[in-house]
Amino acid sequence: MTSSTSVSHPSTTEQLAVGLDDPMMARIDRLLAKGFPWMKFPGALEQQFLLDLAEPRRRHFLISSLISLVVYNGFLVVDYLMTRDVFWLAVQLRIFFFTPLALVFIYIIWRKRGVFIHSLPPASLEVIVVSGGLIAAASLAFILSETRSPFSPYYHVGFTIIVLYGNIVQRLRFWYAVVFSTALLGIHLSGVLLLGSFPHRLLWPILSLVLSAVVFSLTANYVMERDERRRYLLTMRERGVVRDLTRAHERLQALSRVDGLTGLFNRRHFQEYVERVWERSQFDGDEVSVMMVDVDHFKKFNDRYGHPAGDECLTQIAKVLQHTVRRPEDLIARYGGEEFIVLLPRTAAAYAVTVAERVREAVEALQMRHESSTSSHFVTVSIGVASCKAGFSLKATQLISAADLALYQAKHEGRNRVCVQEPVMSVSAT
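Residue numbering for the sequence shown is 1108 to 1537, as defined by this note's numbering.
Accuracy of the hints is not assured; some may be wrong.
[To be verified] List of simulated lysine-lysine pairs, BS3-like, C-alpha gap at most 27 Å:
#1 K1426 - K1406
#2 K1502 - K1518
#3 K1496 - K1518
#4 K1426 - K1518
#5 K1407 - K1426
#6 K1407 - K1518
#7 K1518 - K1406
Bear in mind the hints are in silico, worked out from the structure with no lab data behind them. For clarity, every value in this text was computed on a predicted model and none was experimentally measured.
Could you build the full structure based on these sequences and the hints that come with them?
Next up, the structure:
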């Protein structure tokens, strides 16, 4: 007989225990308490952080880059008003040079999502943003170096827009933002120095504006990344708590279905499982067998040897059942005090009786002394077997009742034996 459903047989409750201690949780708590002033997590956590946020940052880059590109080309109006003498140069730089280059990178990042996230280093996006921002700054500096417009010194304020683009809009990682801002300041100062006619009276006001934009945007960038990293840690901790609670719930659920003494499933789990098997067997037309196993004269055993010995006796019989009934789909449960029940799906009566005889013989072979027994000098079991083809006119409770009647017959005939009850149709449901 073949089986398609796998059912595990727990032996001890320890197998179901799941520890809630997690070194990663402790590390996260320490980071949250201590902080991360250098904007970097230790070890593999940093790589995991960058990898987990790669896709959201990619989407943000695509949207913000398209918006920024529109704004960048919108400054052609300012070029016309403030540097009209080199307006065609501005058009060439903005429309025919920078825009196609930016669109190529945007297209690649949009279409090559897998390559961008899984193959390229996490810093690739930062490098692209820094490069794009510095090219934009260099193009502005070149325009300002070529114009002779008297308004051009005021146009140096445009560098603040580029600073805001990298540090605030694109939210570069802090240390990349520092590199970007420093390089942009260098481009700005170079442009001022190249413009020999730059008014000295405007030098410090313009430089102060750009420098202030750098300082304030870097401060905002630092705070945003700090908060982002903190949210990431809190999310990881929350997931860890949810995972631990889920595991604890599963553990409690499992323990609620297991007999604490023997490690077998309990009656509640058996009743739920037999209903599922019965419903499936009705559609498949399979035979189902049930074995009711009862320890002979168990009360007398307890009275003579004590309850600890009685518990050990039940544990040994449970082990016999586990070693004898081994098919994945079969299920063994402790049904009552000294009573066990075995469900054998897709099993005819002949095979069920064979299994029952093996169990009976194996228990007797344990040779556990039972001097108060009137049927043997050792602990024995009586077993009732019932089998039937699952039909829509029958219920699983009828099969169990038939096995119980067979057990009663085995005890009535002298115990330490196997009896079969049939047909099931003659047994009323309980």
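Verification of the supplied hints:
no.	hint	verdict
1	K1426 - K1406	20 Å, holds
2	K1502 - K1518	25 Å, holds
3	K1496 - K1518	26 Å, holds
4	K1426 - K1518	22 Å, holds
5	K1407 - K1426	22 Å, holds
6	K1407 - K1518	15 Å, holds
7	K1518 - K1406	14 Å, holds
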